[in-house]
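Novice: Place chains B and C on chain A using the hints.
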Amino acid sequence: MSTPTDRRYTKEHEWVRVDDGVGTVGVTDYAQDQLGDIVYLDLPTPGTPVKLFEKLGEIESVKAVSDFYSPVSGEVVDVNEAVADHPELVNESPYEKGWLVRVRLADPAELDALLTAEQYDALLAEAEAE
Amino acid sequence: MTVPYIANTDADRRAMLAAIGVASSDELFDDIPPEFRIEGLSLPPALSEPELVRELSALAERNRPAGAMPSFLGGGAYRHFIPSVVGEVIGRSEFATAYTPYQAEISQGTLQTAFEFQSMVCELTGMDVANAGMYDGASALAEACLMAVGVTGRQRIALLSTVHPHSQAVARTYAFGRGLAVDVMPPDALALGEQHACLAVQQPNFFGCIEDVEALEKAAHTAGALFVASVDPISLGLFRPPGEYAADIVVGDGQSLGVPLSYGGPYVGFFACRQQHLRQMPGRLVGRTTDARGRTGYVLTLQTREQHIRRERATSNICTSQQLVALAATVYLAALGKQGLRQVAELCYHKAHYAADRIAALPGYSLAGGGVFFKEFVVRCPPAAGGPAAINRALLERGIIGGLDVSNQIAGGLLFCVTELNTRQEIDALVEGLGSVNG
Amino acid sequence: MADAKPLEDPERNLGARLTFDLSQAGRRACTLPPLDVPEAPLPPANLLRRDLNLPELSQVDLIRYFLALSRLNYSVDTGFYPLGSCTMKYNPKVHEDLARLPGFAQAHPLQPVETVQGALALMYDLQRCLAEITGLDAVSLAPAAGAQGELTGMLIVKAYLADSGQEGRTRVLVPDSAHGTNPATATMAGFQVVTVPSDAQGNTDMAAFVAALDDGVAAMMLTLPNTLGLFCPNIGEIAEMLHRRGALLYGDGANLNALLGRARFGDMGFDVVHMNMHKTFSTPHGGGGPGAGPVAVKGFLAPYLPTPVVEKDGDAFLLAAPERSIGRMGLFHGHFGVLLRAYAYIRTLGAAGLRQVSENAVLNANYVLARLGQTYQLPYDRRCMHEVVFSGSRQRAKGVHTWDIAKRLIDYGFHPPTVYFPLIVDEALMIEPTETESKEALDAFCDALLAIAREVEEEPEVVLGAPHTAPVGRLDEATAARKPVLRWQAP
Numbered sequence: 001m002s003t004p005t006d007r008r009y010t011k012e013h014e015w016v017r018v019d020d021g022v023g024t025v026g027v028t029d030y031a032q033d034q035l036g037d038i039v040y041l042d043l044p045t046p047g048t049p050v051k052l053f054e055k056l057g058e059i060e061s062v063k064a065v066s067d068f069y070s071p072v073s074g075e076v077v078d079v080n081e082a083v084a085d086h087p088e089l090v091n092e093s094p095y096e097k098g099w100l101v102r103v104r105l106a107d108p109a110e111l112d113a114l115l116t117a118e119q120y121d122a123l124l125a126e127a128e129a130e
Numbered sequence: 001m002t003v004p005y006i007a008n009t010d011a012d013r014r015a016m017l018a019a020i021g022v023a024s025s026d027e028l029f030d031d032i033p034p035e036f037r038i039e040g041l042s043l044p045p046a047l048s049e050p051e052l053v054r055e056l057s058a059l060a061e062r063n064r065p066a067g068a069m070p071s072f073l074g075g076g077a078y079r080h081f082i083p084s085v086v087g088e089v090i091g092r093s094e095f096a097t098a099y100t101p102y103q104a105e106i107s108q109g110t111l112q113t114a115f116e117f118q119s120m121v122c123e124l125t126g127m128d129v130a131n132a133g134m135y136d137g138a139s140a141l142a143e144a145c146l147m148a149v150g151v152t153g154r155q156r157i158a159l160l161s162t163v164h165p166h167s168q169a170v171a172r173t174y175a176f177g178r179g180l181a182v183d184v185m186p187p188d189a190l191a192l193g194e195q196h197a198c199l200a201v202q203q204p205n206f207f208g209c210i211e212d213v214e215a216l217e218k219a220a221h222t223a224g225a226l227f228v229a230s231v232d233p234i235s236l237g238l239f240r241p242p243g244e245y246a247a248d249i250v251v252g253d254g255q256s257l258g259v260p261l262s263y264g265g266p267y268v269g270f271f272a273c274r275q276q277h278l279r280q281m282p283g284r285l286v287g288r289t290t291d292a293r294g295r296t297g298y299v300l301t302l303q304t305r306e307q308h309i310r311r312e313r314a315t316s317n318i319c320t321s322q323q324l325v326a327l328a329a330t331v332y333l334a335a336l337g338k339q340g341l342r343q344v345a346e347l348c349y350h351k352a353h354y355a356a357d358r359i360a361a362l363p364g365y366s367l368a369g370g371g372v373f374f375k376e377f378v379v380r381c382p383p384a385a386g387g388p389a390a391i392n393r394a395l396l397e398r399g400i401i402g403g404l405d406v407s408n409q410i411a412g413g414l415l416f417c418v419t420e421l422n423t424r425q426e427i428d429a430l431v432e433g434l435g436s437v438n439g
Numbered sequence: 001m002a003d004a005k006p007l008e009d010p011e012r013n014l015g016a017r018l019t020f021d022l023s024q025a026g027r028r029a030c031t032l033p034p035l036d037v038p039e040a041p042l043p044p045a046n047l048l049r050r051d052l053n054l055p056e057l058s059q060v061d062l063i064r065y066f067l068a069l070s071r072l073n074y075s076v077d078t079g080f081y082p083l084g085s086c087t088m089k090y091n092p093k094v095h096e097d098l099a100r101l102p103g104f105a106q107a108h109p110l111q112p113v114e115t116v117q118g119a120l121a122l123m124y125d126l127q128r129c130l131a132e133i134t135g136l137d138a139v140s141l142a143p144a145a146g147a148q149g150e151l152t153g154m155l156i157v158k159a160y161l162a163d164s165g166q167e168g169r170t171r172v173l174v175p176d177s178a179h180g181t182n183p184a185t186a187t188m189a190g191f192q193v194v195t196v197p198s199d200a201q202g203n204t205d206m207a208a209f210v211a212a213l214d215d216g217v218a219a220m221m222l223t224l225p226n227t228l229g230l231f232c233p234n235i236g237e238i239a240e241m242l243h244r245r246g247a248l249l250y251g252d253g254a255n256l257n258a259l260l261g262r263a264r265f266g267d268m269g270f271d272v273v274h275m276n277m278h279k280t281f282s283t284p285h286g287g288g289g290p291g292a293g294p295v296a297v298k299g300f301l302a303p304y305l306p307t308p309v310v311e312k313d314g315d316a317f318l319l320a321a322p323e324r325s326i327g328r329m330g331l332f333h334g335h336f337g338v339l340l341r342a343y344a345y346i347r348t349l350g351a352a353g354l355r356q357v358s359e360n361a362v363l364n365a366n367y368v369l370a371r372l373g374q375t376y377q378l379p380y381d382r383r384c385m386h387e388v389v390f391s392g393s394r395q396r397a398k399g400v401h402t403w404d405i406a407k408r409l410i411d412y413g414f415h416p417p418t419v420y421f422p423l424i425v426d427e428a429l430m431i432e433p434t435e436t437e438s439k440e441a442l443d444a445f446c447d448a449l450l451a452i453a454r455e456v457e458e459e460p461e462v463v464l465g466a467p468h469t470a471p472v473g474r475l476d477e478a479t480a481a482r483k484p485v486l487r488w489q490a491p
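Chains A, B and C, in that order, are what the protein sequence lines are.
Sequential numbering from 1 applies to the first sequence in the working numbering.
Sequential numbering from 1 applies to the second sequence in the working numbering.
Sequential numbering from 1 applies to the third sequence in the working numbering.
Excised from the complex, chain A in its bound form (with noise of 0.2 Å):
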């Protein structure tokens, strides 16, 4: 699966795609292909704040939990309630149909200190290089 290019990345691994104000919030093919098969998510729910870099919530797999952080300031408007029954979307379509949460930005600026697709896949290259 090639890195998308029309979003943003962490070097968590996560991924945010701005459409109007509105960044949806995902994890990376790595991040799920490390993690293994995904169990269980547990999200935020709705008009919860949140700060750049702050913990968003935890993924599961069967022999491990994971933290993820969000990429943006603001406020979750939206969580994916399809992969509450399943999980497994993480793993299939991460870029896609495993969206996690949608965040109102409060600081559009914060994205430019984020990788790009390509920054990202060299962040990857570098690190299966060790």
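These are calculated hints, taken from the structure and not from any lab test.
A portion of the hints provided could be inaccurate.
[Said to hold, decoys possible] If you anchor each label on the Cβ, the simulated ranges turn out as follows: (1) B:Ser84 x C:Ala45: 33 to 39 Å; (2) A:Ala84 x C:Ala40: 50 to 56 Å; (3) B:Gln155 x A:Lys11: 19 to 25 Å; (4) C:Asp315 x B:Gly386: 21 to 27 Å; (5) C:Pro491 x A:Thr48: 40 to 46 Å.
[Unchecked claim] Here are the simulated lysine-lysine pairs, DSBU-like style, with alpha carbons at most 35 Å apart: (6) A:Lys11 x C:Lys483; (7) C:Lys439 x C:Lys398; (8) C:Lys483 x B:Lys338; (9) A:Lys51 x C:Lys483.
Idealized CB from N, CA, C, for every residue including glycine.
Specialist: Leaving out everything else, chains B and C in the frame of chain A:
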């Protein structure tokens, strides 16, 4: 000296030392700083098997075990009938010497029987989901209170004063760890507030009385607290289960289900709750699933709640639990079955009432409670008899283990327990004994 | 006419049918005597249950069912468990006979103490033996398992510090190699966990330890030898530094098998220690308990031990509450049935026997290290104690994970070792042979691992699909977690 449990001979050791490349095994302990090395310990000399049996049998003979004589002692541990099939099954070393079933493919015996235990606890208690067991009823109650704190976010625990004093004590110990407040309240003077995470009650209570659980449940839920019920599993052969009176978490001790008294343990706690709280449960959970060939199998599941994965954020620190004892309880329930458990409960109920009626008819003795009771009841003893301790000594001289002295809670009080194992003759002998002690 | 299926058909597998499925109305596996007293009026109907759904089985069906299940289990009595950190040693059978003696099995915990002097004498002597073995001063036998022993120990620390006005010490140092129960326990005791990394030799990183040690630290929790099977030579210094800073040292005694009769926690500066009877002291693991986790403390902490302890007054034994006790840990006073087995073990071995235990445990582990060290990567190039950790990283380069190697060992007739623990070793494979295995058993086990390493090179598919010969294959754990089925349901 030859230790029977060590296979290596001197020849074996020499071969291994050669392969490792050291001259003696002492060298393998070089990492221990010299100032900490010791040469030996001051312990009694080693015993051969016959000597060991002689020595420990002598210790056992110095006991007069209540379980082997007419006994009316309860108070959280009970002399119940243990069908011989229980010992037969838990004596199988494939069950007894197996490890925790992390490698599911070669642990289906342990896993399937744990799943049976979970299923039976759900049926008994009327709850949605049960775990594979806790240490005992007291720590299960404490962990239920901690779970209620986790679910509600509130910081106070309410316990009814009629909960077993030892269970109350354990709840306090666990609450101390987390800095939680514990409020003990009598049933007729509840004072529940917005800060209470739960109200915990025992059914039947410590004195054998059936509580008005409907009123207690209403009070708990009105205050926004979870309703936690600690129940006697034998009573559930007769009385309606907590699932029917809206309990949120149900716990109890399974010692009555085929587990020997064993001077206080090991017993097994059971822990059940509603589906919506599943992910906050402590303890192991066994789930049913299939393998690639479609064969049904069982596996530890939702492990991400537990300490080995979630570490400092785990729902509990519990690791080794009471699996073999849970198996005993499972075999017991399967052996008694739906008819048998009902019959045990009825025998306990009628015999306890017969004993209570006969004792209450003795001059100077009276029943302390009113209302419905099961298996246990408190008797106020006449002062002329010298008090509960003196009465029990007199009974012991007649070869009877008397009730539990509860005079610190009820003046002159003795808590008697009557089970299906107490024959009419035993009960009549108890009554006669009590009658003759009275001045 | 129902279609009969031969034994190897998947539909015949035992997992598909539980006692509830085998149940037939009217069957009983045992009988009870009739009521021999007048019936009392039953309680009002609204208090009674209307139905009880438990299975009904004949005795023969019940026995066949449970025995068939027992044969699906691996166990110490069927084979070797190389499980690191578990000390799955042989469980002596004479202990089972002793546990069944009526004087022990039928004693009620609340009987007057005059009637159970034998049980109390046993507990008192066990307290003394465990104090001697650990080099500490006072012992409680109350905790139900290792984790509860840990909680007991940390609550003792908390209570002691609170009494001396030191509630401000809210942090506990825990090595990154620690067993998960350590941080979980620290949290249950109300502390904040600070993780201290290990250095390249597998010891506590002293610089990191010093940096983390401030006046807010209540205690450090250390396993010795640690979960890598390595003895941290700086232990004396660590203890001293903690004490100078006003903090305490907690010992996780899970690996005591390596130290029996060789070194004592008390001598090295530990203030409080828990032990696992079901590890070091041979009591059976039971498929996940029961165990027992006694706690030993230095004299100044004795007043805080849980209630009750066994004391002696003249010739008589009694149960007593320590004057500043943290309270009760369980319904009664400990798992007597487990404790008596541990006591029998100590009395069988004596001091010389316990030294032979540690000698052979450490020898066996180093032999495994010698035999496998060329083939499986050793993350720490040094002698081990009673357990050895390998990394499956060499094999992962060929596309085979430690998980697969573990499953393939099942086909060779062995239970897998501990895998993916401790967390600081990549693709960890931890082996603790214990002293009860013979050299032949160790050789057979090492030969199997060497054969699997060859398979990884030459035909990895057979490793990846393992196990092929167990009663069930790899189970769908993802579905079990996504859609949990946790109880029997009527079809």
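Novice: Does each hint hold? Answer for all of them.
Specialist: Outcome of the hint check:
| no. | hint | verdict |
| --- | --- | --- |
| 1 | B:Ser84 x C:Ala45: 33 to 39 Å | holds, 35 Å |
| 2 | A:Ala84 x C:Ala40: 50 to 56 Å | holds, 52 Å |
| 3 | B:Gln155 x A:Lys11: 19 to 25 Å | violated, 37 Å |
| 4 | C:Asp315 x B:Gly386: 21 to 27 Å | holds, 26 Å |
| 5 | C:Pro491 x A:Thr48: 40 to 46 Å | holds, 43 Å |
| 6 | A:Lys11 x C:Lys483 | holds, 32 Å |
| 7 | C:Lys439 x C:Lys398 | holds, 31 Å |
| 8 | C:Lys483 x B:Lys338 | holds, 29 Å |
| 9 | A:Lys51 x C:Lys483 | holds, 33 Å |
Checked against the numbered hints given earlier, this structure breaks only hint 3.
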